[in-house]
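Peer 1: Sequence:
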Amino acid sequence: MKVNDIEISGVITQENLNSYDLQYPRKEICETFGISLSEHMPKVETPLQVYFDTEVVENKVIYTQGENKAFLHGIITTKIVYVADEASKPINTIEFYKHFSCSLPINNTSNRDITTKVFIEDAIVTEENNTGFFISLLLLVCPIYTSNINKYEEVEVIPKREKINKIDKPREETTKLSMPVKNNDVDIEIEYDMNMKGQYFESGWK
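Residue numbers (the working numbering): 81 to 286.
Because the hints were derived from the structure by calculation, they are not lab data.
A couple of the hints might just be wrong.
[What the hints assert, rightly or not] The following label-pair restraints were derived from C-beta to C-beta distances:
| # | residue 1 | residue 2 | range |
| --- | --- | --- | --- |
| 1 | Lys140 | Glu119 | 38 to 48 Å |
| 2 | Ile174 | Val136 | 18 to 28 Å |
| 3 | Ser99 | Thr173 | 28 to 38 Å |
| 4 | Ala167 | Leu128 | 11 to 21 Å |
| 5 | Glu147 | Thr226 | 19 to 29 Å |
| 6 | Gln145 | Ile204 | 25 to 35 Å |
[To be verified] In silico EDC-like links for lysine to aspartate or glutamate, alpha-carbon gap of 20 Å or less:
| # | residue 1 | residue 2 |
| --- | --- | --- |
| 7 | Lys197 | Glu138 |
| 8 | Lys197 | Asp101 |
| 9 | Lys123 | Glu208 |
Beta carbons: idealized from backbone N, C-alpha and C, even for Gly.
All chains should be modelled from the sequences, with the hints used to inform the complete structure.
Peer 2: Take a look at the structure:
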């Protein structure tokens with residue numbers, strides 16, 4: 081199977097990130113999950129592009145452990161464009177969804193209405209075989225005033241050229257996920273306190 085350079089889209093640059101009026105504290109989260117094509121889908125010969133997007137589905141302010149927090153439920157959308165391993169070599173597009181959640185302390189913000197926004201700061205795509213990939217994303221969760229949401233036009237995210245990684249020997253036990261992807265994957269979460277430079281305050285395996 082050919083392994084070529086592919087385009088990864090949906091990763092925001094630090095320069096474009098600065099165009100938003102984001103508040104503190106902020107939190108970085110690492111999400112790692114697997115994607116497997118179902119048996120009826122064409123196998124991958126050459127991956128061409130991987131596109132990521134995030135959406136906050138629900139957001140609310142809660143009070144726990146003596147502090148106000150924003151508690152959110154979000155979705156990561158992953159679209160993969162690839163050349164199929166078939167005689168006619170058609171180009172296929174598949175789409176998967178990964179749910180996630182996190183909490184973010186917001187005591188340092190004013191009493192104005194606060195919501196959250198999630199950005200993708202970096203991404204790693206690892207090809208397991210011709211039917212599956214592993215995805216690792218660095219997410220940045222930020223508080224933002226609700227009055228500022230509508231005034232922002234989405235920043236155009238420039239595609240990023242990266243070399244796709246390949247695992248030469250796939251694991252013997254892999255869980256195949258049909259569309260839409262169920263949450264049978266393993267999540268690795270690392271959360272970084274942007275108010276405490278150089279220190280990680282929470283990590284965990286799910």
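Peer 1: For each hint, tell me whether it holds in the structure or not.
Peer 2: Hints and how they fare:
1. Lys140 to Glu119: 38 to 48 Å: Given about 40 Å between the Cβ atoms, the range holds.
2. Ile174 to Val136: 18 to 28 Å: holds, 24 Å
3. Ser99 to Thr173: 28 to 38 Å: holds, 30 Å
4. Ala167 to Leu128: 11 to 21 Å: holds, 18 Å
5. Glu147 to Thr226: 19 to 29 Å: holds, 20 Å
6. Gln145 to Ile204: 25 to 35 Å: holds, 33 Å
7. Lys197 to Glu138: Cα-Cα ~11 Å, so holds.
8. Lys197 to Asp101: holds, 11 Å
9. Lys123 to Glu208: holds, 12 Å
Violated hints: none; the structure is consistent with every hint.
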